[in-house]
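Peer 1: Spelled out, the chains give:
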Amino acid sequence: MRNHDPQFNQFGKLHHFLTLDGLDKETLTGILDAAEGFTGVNDKKIKNVPLLRGKTVANLFFENSTRTRTAFELAAKRLSADILNVDLVTSSTKKGESLLDTLRVLESLQSDMFVVRHSDSGAADFIARHVSPSINVINGGDGQHAHPTQGMLDMFTIRRHKGDFEKLCVVIIGDILHSRVARSGISALVTLGTGEVRVVGPQTLMPADVETLGVKVYRSIDKALQGADVVMGLRLQNERMTSATIPSSGEFYRTYGLTPERLKLAKPDAIVMHPGPTNRGVEIAGSVADGKQSVILEQVTFGIAVRMAVMSIIMGHGEAVREAEQAAS
Amino acid sequence: MTSTSLKNARVIDPANNVDGKGDVHIRQGVFTADAHPNTNEPTATINAEGLIVCPGLIDLYARLREPGFTRKGSIQSESQAAIHGGFTSVLCAPDTQPVIDSTATVELIRQRANLANGARVIPIAALSTELRGELLSELATLYAAGCPVASNADQPINDTGVLLSIMEYAASFDIPLLINPVDAQIAKNGCAHAGAIATRLGLPGIPVAAETVALARLIELCSSTGCRLHISRLSSARGVELVKQAKQSGLLITADVGIHHLFFTDQQLLGFDVQFHSAVPFRSLADREALRAAVADGTIDAICSDHAPHDDDAKLAPFPSSGAGLAAFDVFLPLLLALPDLLGIALSDVLAKVTSNAANIIAHRDVETPLNPTAMALPSGDLSISSSADIIVIDPDQPFKLCTETAHSQGLNSPLLGAASLATVSGEDIPLKGKVIHSFLAGRHVYGAEI
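These protein sequences, in sequence, are chains A and B.
Residue 210 in our numbering sits at position 210 of the first sequence, with consecutive numbering throughout.
Residue 319 in our numbering sits at position 319 of the second sequence, with consecutive numbering throughout.
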């Protein structure tokens, strides 16, 4: 039994950012409030603030990603950090030993922060437990487990548009089973006291006992959308069609696709969200993705501010550890 | 050979319904009724006051890792760890490299085991060549070479027709099959019980149906072939139910459970603790309770170690990529000795699961087959007069704590490392107690202070 949450350092401060599961409402709200402060930076002519000047952030991506990596890169640059992009995409047969070896090599490059993406659930947790305590780790997505910065930017977007979570009905549509975005989103929504969180999709895309996450499970998208304030789509990977999970993208669109007609079942002022990239005509209609209720591009923009907030908060908490280490040596 | 008398012990012999204060005498490798040899051979006397004397434990499933994986363990290290842990006989899993599908491999294991001078090592035959589930291995030849049972290890038998054929063939020779029920198409790349915890951690799940679908198929084929079937390492309440029904319908089915599955659940996976990554997953609390009840009511006949030693590197990886399995030899006895209180059954009934019952599962039956089983020295799992003196002397009250320095298995992959009680491991306040004081293998003193 591991009681120790590796996210917190010896001073009880958030040192790594691995999962939203287990973080309290104050912590989440604190991050959202800090992100509010950074949204202003993006609108200025000179977009940099010197909070991370002299610090090195290493992007360790063991899995392909352009969008997330770029977002982290931009956030680090706006904070005046040096950024190191390490492309580590390897075969699926990679060995744990090499992961730890890789980690040791990267540690010796004197980075202050690792942003990690890996295909194994728990990989960020593993790295945080084995990395030198002077390094802060941010989970940029681990397997099907968590994508906490995505979860926070989703919360930020919802709060900007809807305010109080307690009155909201949020619907998440599609592939919950394979989605780390859904897990982090659900976790944050529940912690923030969201009125009702619904998930809807075929049983093949639902994890076992999904209701234990604090959500209400729907089979019918029409019923799930009724009275919704927030509608979140998820990306449906092509491999789901080749693994007997769903029969075809066409049938998925017919049964669970977010069409303009279906969107009318939600509240008139409901917002439409999606972590991207969208599959138009599969999980969402192009006209909905581009429609006036869509906040999909805002999510991307807010993602920079939210990541700046997370990076500056945990880097600050890391300073205390680094100073303590320096004093000891 | 020295004769030995163990005096004033609590003697427990489940097969003969013995549990009481008494003496046990060993002469010329077998149990005798009295302490007075007719010859002049020397006799050693051990005062076993306060200790338990019982048949040596028999493990129905353990990985010794040799040949092929000696960075994780060797026949030398693991058969020694077994004897330190109270086992006098260990059935070794066939998923070595090469797999145990040829007499050459059996011979190699036998030779290494003789040199190791630890527990008796009984190789389990692979029931298909290279464990691929495609072609029959030479079960009769392997039997003659010393493999009393055959198994699929942790490998699937995807083709039901091949499984039918294997069961018919094994039935022809009355060779018991020891099969871990898992439907590989359902289990897929799962690494944890499909339930609330795996869902929360985003770990690919292994549904209970992976076990029950495989069980239903095995039970139907057992019924139609008359094969002797031993279900290895049950994990679920529903699986227990299916075995119970099959037994009630009169089938020759037996079943075991891995010792750790009587103590742990998927709750222990929180925090991605790789020490709880097991090929047979730790399931829900309700499943664990059903497994405990099944041990108590006899649906589960035996308890095995499912010993899986690993090198450190195998566990230094994210949960899904980490090596599956727990080292069990060092911690087996303290866990076993906790069961009487936990299950509300007699110690003798618990010991039966690792002595007489286990012996019965692998024993050859007196049926007409072309095989000659006499060459094979199988443990009897009892203290009957004239039976082979495999015996252990246990101090049940000595506190136990597994430490890296004192562990005997090469694998240190135990979640109990450093724990004096299960309180810090699984939340149940169960103190760990019990130590082997002496072990005798066929009357020979193989472990313990010199006598």
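There may be inaccurate statements among the hints.
What the hints assert, rightly or not - With a straight-line cut-off of 20 Å between C-alpha atoms, the simulated DMTMM-like cross-links for lysine to aspartate or glutamate are:
id, chain 1, residue 1, chain 2, residue 2
1, B, Lys188, A, Asp209
2, B, Lys21, B, Asp397
3, B, Lys433, B, Asp297
4, B, Lys188, A, Glu73
5, B, Lys315, B, Asp341
6, A, Lys264, A, Asp290
7, B, Lys315, A, Glu166
8, A, Lys216, A, Asp290
9, B, Lys247, B, Asp297
Claimed, not checked - Interface residues of chain A toward chain B, partial, derived using beta-carbon atoms under 7 Å:
id, residue
10, Asp120
11, Gly214
12, Val217
13, Glu251
14, Tyr253
Unchecked claim - Under 8 Å between C-beta atoms, here's a sample of chain B residues computed to sit facing chain A:
id, residue
15, Gly190
16, Ala194
17, Ala196
18, Ala237
19, Leu252
20, Leu316
21, Ala317
22, Pro318
23, Phe319
24, Ala324
No lab work stands behind these hints, which were simulated from the structure alone.
In this text, a Cβ means the ideal position worked out from N, Cα and C, and glycines have one as well.
Peer 1: With reference to the structure, classify each hint as holding or not holding.
Peer 2: Against the structure, the hints come out as follows:
{"no.": "1", "hint": "B:Lys188 <-> A:Asp209", "in the structure": "holds, 19 Å"}
{"no.": "2", "hint": "B:Lys21 <-> B:Asp397", "in the structure": "holds, 17 Å"}
{"no.": "3", "hint": "B:Lys433 <-> B:Asp297", "in the structure": "violated, 24 Å"}
{"no.": "4", "hint": "B:Lys188 <-> A:Glu73", "in the structure": "violated, 36 Å"}
{"no.": "5", "hint": "B:Lys315 <-> B:Asp341", "in the structure": "violated, 33 Å"}
{"no.": "6", "hint": "A:Lys264 <-> A:Asp290", "in the structure": "holds, 15 Å"}
{"no.": "7", "hint": "B:Lys315 <-> A:Glu166", "in the structure": "violated, 42 Å"}
{"no.": "8", "hint": "A:Lys216 <-> A:Asp290", "in the structure": "violated, 28 Å"}
{"no.": "9", "hint": "B:Lys247 <-> B:Asp297", "in the structure": "holds, 13 Å"}
{"no.": "10", "hint": "Asp120", "in the structure": "holds, 4 Å"}
{"no.": "11", "hint": "Gly214", "in the structure": "violated, 10 Å"}
{"no.": "12", "hint": "Val217", "in the structure": "violated, 12 Å"}
{"no.": "13", "hint": "Glu251", "in the structure": "violated, 22 Å"}
{"no.": "14", "hint": "Tyr253", "in the structure": "violated, 26 Å"}
{"no.": "15", "hint": "Gly190", "in the structure": "violated, 10 Å"}
{"no.": "16", "hint": "Ala194", "in the structure": "holds, 4 Å"}
{"no.": "17", "hint": "Ala196", "in the structure": "holds, 4 Å"}
{"no.": "18", "hint": "Ala237", "in the structure": "violated, 15 Å"}
{"no.": "19", "hint": "Leu252", "in the structure": "violated, 34 Å"}
{"no.": "20", "hint": "Leu316", "in the structure": "holds, 5 Å"}
{"no.": "21", "hint": "Ala317", "in the structure": "holds, 2 Å"}
{"no.": "22", "hint": "Pro318", "in the structure": "holds, 4 Å"}
{"no.": "23", "hint": "Phe319", "in the structure": "holds, 4 Å"}
{"no.": "24", "hint": "Ala324", "in the structure": "violated, 12 Å"}
Violated hints, listed in ascending order, are 3, 4, 5, 7, 8, 11, 12, 13, 14, 15, 18, 19, 24; each of the other numbered hints is respected by the structure.
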